[in-house]
Amino acid sequence: MAANTCVIEDLREKIRRIEGQRPAGVTFVSSGWEQVDAILPGSGFPRGAISELAGSRASGKTAIALSTLAQATRGQGVAAFVDGRRELYPPAAAALGVDLERLLVIRPDPVNPAEAARVSLWAAESVLASGAFEAVAVDVPLEDLRGRNPASVEAMLQRIRAAAEKGGAVAIWLGAPGGIRAPCAVRLEVSAGAGGWRVRRARARGAQDATKACPSSVVVHHAA
Amino acid sequence: MQLELGVTAAAPRAPAPRVLALCFPDLPLQRALGLRETSSFDRRRTPLAVERAGRVIACDPEARARGVRAGDSPAQARAACAGLELVPADDAADRAALEAAAEALLALAPAVEVDWPDTLLLDASGASVLSASGGGDGEVLLMEQALALTRELGLRCRAAVASGRAPCRALARHGGTMAPVSPGRVANALAGLPVEALGLEPALAVRLAALGLREIGDLARLPPETLPHRLGPAGLAAWRLAQGDDPSPLTPYVPRLLPEERLEFEAPLESAEPLLFALKRACDRIAARLAGRGLGATRLALTLRLDDRTDEHVEVALAAPSCAAARWLLVIRERVTALRPGAPVVAVVVAVADAAPCAMEQLAIGDRPRQLVALEAVLSRLAGRLGEGAVFAATRVDRHRPEAAYGARAFAAGRKRDLQSAPGRERGAKRRRSSRDGAAREQDPARPHDGEEPGAASPDSDEPTRPTRLLPEPQPLVALGEGGRLAAVRLGTQTFRVLALSPAERLAGEWWADPYDRDYHRARLEGLGECWIFRDASDGRLWLHGLFD
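Chains as they are written, first to last, in the working numbering: chain H, 1 to 224; chain P, 1 to 549.
A couple of the hints might just be wrong.
From the structure, some residues in chain P lie toward chain H, with a derived Cβ separation under 8 Å [as the list claims (entries may be wrong)]: (1) H400; (2) L480; (3) G483; (4) R535; (5) W543; (6) L544; (7) G546; (8) F548.
It should be emphasised that the hints constitute simulated quantities derived from the structure, not laboratory data.
Glycine included, every Cβ here is placed at the ideal spot set by N, Cα and C.
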């Protein structure tokens, strides 16, 4: 009887995929690192919400983001990387398991830094709202928007949050410590140390009970 | 010497091909009415007639009801119908409309002939096998699809399916939409039609009329052995046509140019909505023509002619070849609504700037067609706003220079499911790397590792780790040493202590073009993290090139 139930559920899942619907009951995507998953509610980053990885320039946050994209694109899905800083190195992404054929790189050509940041935010909003991607990593130098009206920057970020909710993708925001914060559901602070990456859970909205059972920080020992 | 002239038996005649003929009555009038429908947004409809060489050749039902007739002079027509709109005939435009319909109908038949001035002939040879019953149902299906397609193009026509070009054309021009005529009954179907319907040479038609032969049946009843003597070989050929015997093949229409549609508006357009309405009609027609040729547009060129005699050009790049007008319009709408032309639009030209084969794909279990459509739409939108070069999929390149180790190509949405190649790797690529001691190693990264699933991602354990971020331009570092050891580096105004430094990895080469010679180190800098720095062998300078972020 249990085997029949599994077969029926498997068929339902295939029909959902054929119809283009999100898999039922699966709302988190693994980061690809067990230690990081251990401090996340649901053992992964949530779909339809922004998860921020805040860290300095060589903290390890990009590797975690790329690893998440690799997990999200297993099978038929595609992922995107909004490369506002123009620094993404695809060979390293491939080494972390990302299928380069399924990774869309968006790298606006800057007229000036502020315009590049604004255009990158527009691209992130479009990509997240489309619903065509399983995961989107966004690396935009928000510090280049410091001269703009803070209310307009906040409005841009809220639009991105709404786009992530609409599209249902995993949105990974690469932020800087002390910088402009994105409206995120999960926030991890990443720093590099001698033994590996130190990852601390700074925020996990809407999952208070689940986080009680999770450790709040880990050290990820990585070969990379 | 006497030559013997042998009388050889006549070669057996090939059977007449099955043909679907579509006759477009009053094509000049249909085209003029369609043009008015698209280019004018004024709901008032005045009676319309078409004139050529000072004579009315066709008029719409309202004009006919008011007394306008073919052959009237313009003055007579206007006197009969006040407010009559008289447009001149345009043979070039009519031929273009007929060819456009032929192009679209290529989707239904292997060959289409343009029989000027008003008929298209489609090769219906294989249509009878379309239905399981093997009867005439397949030809009926073909006829229905052809009529539906021509209706979508804004044209109405009469159709007939029979054996032979000339008989089928005669039936379509002088009959109406009817059931397919079986091969043995073509002669009966033709019998009641006028002799002129066969499209004979004028001299022969005059001679047949002089003999009192008015209908095709009259000609068919003549004994054939008398015809060469009385009417010559042309007469015998006409008799065979009257029997429904026409084995001549179709002359296929081959479109030479990529399709283009022009629209001129009666009144200048000042807002986007009516312009988008007109663009939709044009895109639908172009898409049908491309579909007939098995092509999809990859780039569209829109030219908006403005009231101040200037042009506004818009180029729309599509993510993948597409013959679906709805997908084009998703991008066109965004581009057009973002335009701020300096004057109202008086005309628009939509052209296919670039096309590529657009094969139909069989969906597999697990494919998500809606997401594919959404993906193509967002790719087109991104390329339109950011430029094609800003949106790409990376591909590994077999070069050791780090900044050249990857290239960009058009994102194909991962449609090619090649289970034999590992992701992110070029097939058959071999890499040679020289370590400091000069030993060279070769690797074939396309060969899966033991125990690895085909197509699964796996870390490349043989390759040194590369940073996840590579700076667009290396940043200069000032080396600060103690006792011959690199103790710290200064980057701009900040100084970072070196906590760890890996052995050097030498990357050098390309002596023939732009030589480089660098010793790369992985350095852990206090307060910054793992960085990728190199010493340039040419001048000894130290540079920051990447970050292990």
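Against the structure, the hints:
1. H400: Where the cut-off is 8 Å and the nearest Cβ of chain H is about 11 Å from H400(P), the hint is violated.
2. L480: violated (19 Å)
3. G483: Where the cut-off is 8 Å and the nearest Cβ of chain H is about 22 Å from G483(P), the hint is violated.
4. R535: violated (19 Å)
5. W543: violated (15 Å)
6. L544: Constraint on L544(P) not satisfied, violated at 10 Å.
7. G546: Interface hint status for G546(P): holds (7 Å vs cutoff 8 Å).
8. F548: holds (6 Å)
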